[in-house]
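Visitor: Given next are the chains, with one letter for each unit.
Protein chains: 2
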Amino acid sequence: MAKAHFIYDTSNKNADLYYATKFMAGDPFIFFQFKGKKYMVMNDLEVDRAKKEAKVDHVLSLTHFRKIAEKRSSYPSKYDLMHEIFQDLGVKHLIMPQESSFLLVDEMRQRGYLVEAGPAPFFQERYQKTKEERKYIEQSQKVVFSTIRMVRDVLQKSRIKGNRLVYKGKALSSEAVRSMIDVYLMEKGFIAQETIVSCGKDSVDPHSVGHGLLKPHSSIIVDIFPKSGKTQYYGDATRTFCRGKAPDGLKRMYATVKKGQEMGLGMVKAGISGKKIHDAITTFFTNQGFPTREQKGRMVGFFHGTGHSIGLEVHEEPARINKSDYRLRAGNVFSVEPGLYYPAIGGVRIEDLVYITKGGCEILSGYPKKLEII
Amino acid sequence: MAKAHFIYDTSNKNADLYYATKFMAGDPFIFFQFKGKKYMVMNDLEVDRAKKEAKVDHVLSLTHFRKIAEKRSSYPSKYDLMHEIFQDLGVKHLIMPQESSFLLVDEMRQRGYLVEAGPAPFFQERYQKTKEERKYIEQSQKVVFSTIRMVRDVLQKSRIKGNRLVYKGKALSSEAVRSMIDVYLMEKGFIAQETIVSCGKDSVDPHSVGHGLLKPHSSIIVDIFPKSGKTQYYGDATRTFCRGKAPDGLKRMYATVKKGQEMGLGMVKAGISGKKIHDAITTFFTNQGFPTREQKGRMVGFFHGTGHSIGLEVHEEPARINKSDYRLRAGNVFSVEPGLYYPAIGGVRIEDLVYITKGGCEILSGYPKKLEII
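Each protein sequence line maps, in turn, to chains A and B. Position 200, counted from 1, in the first sequence is what the working numbering calls 203; the numbers after and before it change by one each time, with no gaps. Position 235, counted from 1, in the second sequence is what the working numbering calls 238; the numbers after and before it change by one each time, with no gaps.
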């Protein structure tokens, strides 16, 4: 039976749909792939732009199918239109993304279609980047590192005054640095959200974006993952800084995370299991005196994954370097970002992106790893 | 049978989920409302933050349910965990958003649940704004207008040089002005995407964001709809400018759109049908010599809706002021944004936001409507 891969969504939210069409739209449209050809069905507002911009074989007019459907019933629903389109081509079997609306799927099943869930992501080839995609990610990553350099300069120029960092006459806060980062990136055409600038207590919670004044002699985690407005590809990097001399405990922890990250960078290559890498780093940390465990009802140590696949989404699930058994493949782009978090010391995380090759990896751009800014 | 309203999604993408919880998260979590109480079930990374920030009655630990589920099977899936949670409370009937993953729904149905689609949006009360929501939207709208003022200043300061506008020694383009807008907004903590600065041919296509050099004596549509990073609520406004003297046809069209918009602002009130307003404006335009029709295979005239509901999403579907029969209610916030588009003249659109009251509307903030910048 003739199967079609079918997506109905907005391409500005659905990375698979953008991947398949290279067409950015805020309103939902019909896309399907059938007998090796890609189709889009567009309303009158978008049909011209789609013909110009979309990387598909056929752009069909929704109005055309509406006119046909209106011969059958006076108010055809969007499901009736989809039925009209698929009937026309003889499609009876639909493979749809797992996250497709169940109302849509129920409606298609009621019209006699066999609907099957595709894998996640829908286009598994997204995990293995083309040359062009690798280039786009590296371009984004270069902008991330230039942003981190800017942040380092700001911290460098700030003066230590008691328990505060004073920059241009004002006490520097997580919020202020986050705003500098997001504005800097916007000027370069990048959209950053949930940028992390966390210090002290906040830095111990890897999910906190950070709030309040930054302190000297304390770890400051800067984790930036913006999307290029032009290519739509993400960059993602983390550096941990300390303005002024760092306490010995923090210095030792930083050196340990740095070695752990180098261990990860040294292990990644096509064919290896992510679990092996993650376990090796966790064990190394434990052996260095930084165990992962529950302490007073919260986790301490290294309690997030080592890395995630990245591209058109910042986290391309479910490919991870963590306790799961994802096996790395050539062409994958992964973050390698171990961290350690203890309330008494602070948080440290160091993150780079790697392009996986047969024998190892290529690190996509780079920036020094140095804790203290003195 | 005990029904629960159930969402499993990320709150940074699902406005209903954010609306229900006021908790922003990039990873999916379980939310449900049962017997008048709101529940969230969070993993270890997020459970502390959720307890602090989320506006719900109970924050439960996912690990707690995982431990129970692991007594039944060694690798419980996320669906097994959901089953564990609902079993515990005696839930058998789930009302879920229409856009919920069909894989999730299939899995729940296989476990014996009756799954029913909720309305869209899932929380219909989103259409009727609270005082706080009204305030948030107005705050965002004020920032939008201050941005439009900035753009007007830039156009004012630019010099006309042949067919170009020269600003600070460089020919001004759609891209440059868009970047100024997006950076200006980011400095104020707002995220803008798909900002429209379209001129000439581009301005005739309401969906084009605009490309290339801006021209004098030609319509320039500036449509800005950013989201506040703080409140998450959108603003949305459009003004059309012309740097230098405008051709008579454009002037006449601008005056007509302005009158049409005033007509719309005068008609909106609780109880009226959106179709009535939309039809009145369309007819007015036709009577003024600006008919809506197909011309050489493309639409000209007024071929988009008059307005859309706005709040946590820029378009809160399906509430629209257009050919559909949505009946306005007190507390709705709608855009009123008629436009006219003819290849020979250009495009004109004027947009404000209104808060619907029993007897009419309150316009949320404002900015003059004047075409020419001379």
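Some hints could be false.
The list treats identical chains as one, so a pair stands whether inside a single copy or across any two.
What the hints assert, rightly or not - Pairs of lysine-lysine residues, derived as DSS-like cross-links and limited to a Cα-Cα distance of at most 27 Å, are as follows:
#1 K204 / K58
#2 K54 / K173
#3 K164 / K254
#4 K204 / K279
#5 K164 / K138
These are computed hints drawn from the structure, not numbers from a lab. As the structure is a computational prediction, the values presented were derived from the model and not from experiment.
Visitor: Which numbered hints are broken by the structure, listed smallest first?
Guide: Structure breaks hints 2, 4 and 5.
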